[in-house]
Amino acid sequence: MANIPPYNSSSGPPNTTLGPYQFNQVPPNQFTGSIKHDANSNMPVPPPAFNNQANHYSQSASSSPAFNNPMMMPPQNMQSSPMRPPIKPLTNQSPIPNLQNIPSSSASPHPMYNTNNPSPYPPNHHSQQINDNAPPLISSSQYNQPTNGPNPTRLPVSQYPPSSASFPPPINQRPPFPPLSQPVPFGNQMVGPPRSNPMVPGNSTLGPNMMAPQLGPSRNNAMNGPATGPPLTSLPGPNQTSGPPSLPLGPMPPMRPPTNQPMTMGPPTQAMGYSNNLSGPQSLPPLSSQQPIPGQPPMPGAMPGPPKPNIQSRYPQMPPSNYQQGPPSQGMPPQIPQQAMYPQMNKMPGLTQQMGQLNVTQQGFDQLWGQQMVDLMQTKHILSEYPEDPPEIRLGPNFADAPNCSPEIFRCTINKIPDTNTLLQKSRLPLGILIHPFKDLNYLPVIQCTTIVRCRACRTYINPFVYFVDGKRWKCNLCYRVNDLPEEFQYDPVSKSYGDPTRRPEIKSATIEFIAPSEYMLRPPQPAVYLFLLDVSQIARESGYLELVCGIIKEHLEQLPGDARTQIGFICYDAHIHYYVISDGLTRPQELTVLDIDDVFLPSPESLLVNVGEQRDMVRELLTQIPRRHSVPGSPASALGAALQAAYKLMSPTGGRITVFQTCLPNIGPGALQSREDPNARSSKEVAHLNPATDFYKRLALDCSGAQIAVDLFLLSSQYCDLATLSGMSKFSGGSVYHIPVFNASRPRQAAHLRNMFTRYLTRKIGFEAVMRVRCSRGITIHTFHGNFFVRSTDLLSLPNVSPDAGFGMQLTIEESLSDLQQVCFQAALLYTSSKGERRIRVHTMALPIATTLSDVLHAADQTCIVGLLSKMAVDRCVTASMSEAKEALINVAIDVLSAHKLSQNLPAGPASSSLMAPMSLRLLPMYLLALMKTKALRTGTSTRLDERVAAMCDLKCQPLALLLRTVYPDLYPIHTLEQHTHKDEVEEEEVNPDPPRLQLTSERINLNGAYLLDDGETMVIYVCNAVSPAFLSEIFGVAAFSQLPDEATTLPHLDNKSNALLHAFIDKLNDDRPYPSNLIILRDNSPTRTKFTERLIEDRVESAFSYYEFLQHVKSQVK
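Count the sequence shown with this note's numbering and you get residues 1 to 1120, in order.
Treat each hint with caution, since some may be false.
As the list claims (entries may be wrong) - Okay, derived cross-link-like pairs now, DSS-like style, lysine-lysine, Cα gap no bigger than 25 Å in a straight line: (1) Lys439 with Lys508; (2) Lys765 with Lys1069; (3) Lys685 with Lys936; (4) Lys439 with Lys836; (5) Lys1116 with Lys380; (6) Lys765 with Lys554; (7) Lys554 with Lys836; (8) Lys836 with Lys765; (9) Lys508 with Lys472; (10) Lys1092 with Lys1069; (11) Lys936 with Lys1092; (12) Lys1058 with Lys984; (13) Lys1120 with Lys380; (14) Lys1069 with Lys1058; (15) Lys1092 with Lys685; (16) Lys508 with Lys475; (17) Lys765 with Lys439; (18) Lys698 with Lys649; (19) Lys1069 with Lys439; (20) Lys1069 with Lys984.
These are computed hints drawn from the structure, not numbers from a lab.
Produce the entire structure from the sequences given, and follow the hints as far as they go.
Structure follows, in structure tokens:
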């Protein structure tokens, strides 16, 4: 009895308005007139949107998700920490949920049954689960849409399902049934090893010894209650209702776990009565040919078939049943002829086949509509082997063919916006957008016109989602104002003809760039100005970075973005400030040293910034002299604050970019800092000193932002530098932070890392004096921004510099009902000055449909985008509150979302269910959240330097989504089987592209005879196990034995063989989609530094954190 689920999981008292004793009073034939009723129900059918189940999700309408309320602790009834004691059972619980406490020897073990008028169903009436070997994509209709049709008869345990050839497969799927030789799994039993790719049905062949694991609880229609009376040996009676099967829409009562007792049937029933539970639609079919005599008990052993649900007309009709007969007589249910009353056992597979056919059809519809579910507890390998496309956005018929913005640029956490804020709160999903506005694009339409068409009211740029009233007017898709269309807009620059305005590039592309006319300029476009601040203190000289950085600048001097006006300058600093003067009257650069750092001044402002084209040779000579000049031992002090003040004074007239190289803690002059890190507290659960020690650098950054100056920081530290404080100079000026801990130029890997990073930084495109505004449809507003910028007004972001490697996030709020809209639109406009001196406007527009039901919202979630937004929100929570609150809020997100899904599907609640169901759209969310909590930014219990933690937090705040996701959950590939996963390029037939499958990050996927590549975006780690074949070692590394491999290597040799060429081709392929090539590390499985690989196996348990399965168990225990 302990496994019996409660009838009603609402927190309040049970609903006594409709009890089990009130459904036996009115026969179905008394419903006459226009009242719609079901043939198997004694109550009117509720409207489709009606749900008589109490809303037991108490937080749905009154509170927002965990991150939306700063400093909010999770509710006390929701255990989100493994350290919290278990929830105590309720003492005032109603008798219905406490059925498991009633002893089995009780005279009336089930309080729901009326002993005066007993139900014709024995309490142990079960029906065999149909299609037990269904594919792992579990349709939600199996849980809230009961199957209509004849009652499937319980098969003995030794029976087998019919051949899959008799079942029609789901849409775009292989038939999910194994061969006849495979036994049927019952309940949650798993037969054979789990399939490696559960998201793609049919991806792997199910042989006689292998089948897909069953996902989800057992789907049976058993009535609640213990077995009573003698066993019954007959089949259903003759009066069982059988109509054309269909797929109803309404919710069904909670399922009960299967029992171990085989099910047998009795003779035909004579009674008409049904004790009903309180969690779903009620039905009372009279299944006997004899009407019960009032006042007399029914005949012993009577038992009808199962209740039939209400039928909705939304689903298409299935073919008629094998037992379908003529129309029923007046006032009586359809009759089954006497010869079908006791079918022989050899006819049972036909009945099973028919019901399995319904399940397959339901799964096909659910797959078509995106309503699949998966049981996380039963799906071990849930990660798809190959990257999946972003969720598809399906707009209404008017804009079904309109081009939407690329998900690599613009993405929303929910692809169907809830129509009300109440619905959003019920879903418990964070609503926000991620944007990568200045991304490098291979194709970008650029338009130059005298008039840029915009809405006169909200200033929205014309886009593919506007409404054309006629050939001369258009309606804005954000504020719905009707605007006049200029005559120029009717000219098509592609065909060079006048005509339909929908042929314009602005209407045919959701991302477009305008060359702005003069009215978009407050001043003439600024030139590209670059100023480098170089730390030359003693620690900096010992690190050797100076010669490496100056050499890289000298190599790429001609590749700096700009035009003929481009300027460059250099300032060095230690205890003093060193200026370098370059002018026409000098034959070599001249150094000027200013000793006063408390009141800085510029000795020769006109000669400190010089034109690159005019003084290229002098600049090259200066870059050669600086490392030599500062090669001898120098001062241990660093006056970074004074150097920044001098740089601000030098660049404030024009604006530009300041690049700072820092290697130690600034300890003298303005902005001096003291060490705050306690090395003994690096493993503590609470992390201190994440906030800045002083606001000096923030105030300086705001001054720079007002002067259109961005500050980028390269921290090449060998000791604590208080990055939490120094990063303020970049956060509020639109800059970037780059960190290489314990840097020394003599280490080849670190030197290569700095070279790749700095080369990309110097040569990438750049936008100056930029501003960005994001506009939303009426009823939606932005309340929080994430990234490096300064908010100039409520929706205007100031970006002195904008780079193609910067991403931003925004949290949204629904302030008004959107039910009268067909879709919601977002538009981001970036106004910037190119390095060539052109003022340009890049516009991105995205449109999303509206959702009106909780199920639609949950199934439209974008789990990748959700993780990207939550990572930014978690970093803010760490700074404003604490690390533990941020991690607890992440756990609450998983608990809340899965609780909302359980509510939307009416799934069994509490410990009665052994499954943890999730929509397919959110199946990876718990795994990604666990990986996020194990990143360097949020992990606790592992020794982590404070500067490294803060640098990881800065990356989470401003990385684009693709790079951020790879940082959170790296990709793992087997490279010892690379030749088995290759294919020829379609364009260049001779080129071979390796494409190995991804593996989940667990040691279970690591074989001793294999080699693996772990890619986290910044570093690729090749991990070689000790039992790998000697042939692989010889072909890839050029060594004869495993012992000849070094403990750690940073280069992969080029050898003349196919395997080596394939591995190099695969690494090059991975590097193609990132800003600069990743570092390469080769490790043996017994190397001292093997933790660089093993610590990224996030699904394994570590001393201070859950394993993935433990995390699922913890979440399941908290799901309401």
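Here is what the structure says about each hint:
{"no.": "1", "hint": "Lys439 with Lys508", "result": "holds, 20 Å"}
{"no.": "2", "hint": "Lys765 with Lys1069", "result": "holds, 23 Å"}
{"no.": "3", "hint": "Lys685 with Lys936", "result": "holds, 13 Å"}
{"no.": "4", "hint": "Lys439 with Lys836", "result": "holds, 18 Å"}
{"no.": "5", "hint": "Lys1116 with Lys380", "result": "holds, 15 Å"}
{"no.": "6", "hint": "Lys765 with Lys554", "result": "holds, 18 Å"}
{"no.": "7", "hint": "Lys554 with Lys836", "result": "holds, 21 Å"}
{"no.": "8", "hint": "Lys836 with Lys765", "result": "holds, 10 Å"}
{"no.": "9", "hint": "Lys508 with Lys472", "result": "holds, 18 Å"}
{"no.": "10", "hint": "Lys1092 with Lys1069", "result": "holds, 23 Å"}
{"no.": "11", "hint": "Lys936 with Lys1092", "result": "holds, 12 Å"}
{"no.": "12", "hint": "Lys1058 with Lys984", "result": "holds, 14 Å"}
{"no.": "13", "hint": "Lys1120 with Lys380", "result": "holds, 23 Å"}
{"no.": "14", "hint": "Lys1069 with Lys1058", "result": "holds, 16 Å"}
{"no.": "15", "hint": "Lys1092 with Lys685", "result": "holds, 22 Å"}
{"no.": "16", "hint": "Lys508 with Lys475", "result": "holds, 17 Å"}
{"no.": "17", "hint": "Lys765 with Lys439", "result": "holds, 10 Å"}
{"no.": "18", "hint": "Lys698 with Lys649", "result": "holds, 16 Å"}
{"no.": "19", "hint": "Lys1069 with Lys439", "result": "holds, 19 Å"}
{"no.": "20", "hint": "Lys1069 with Lys984", "result": "holds, 14 Å"}
This entry satisfies every hint, going by the numbered hints stated previously.
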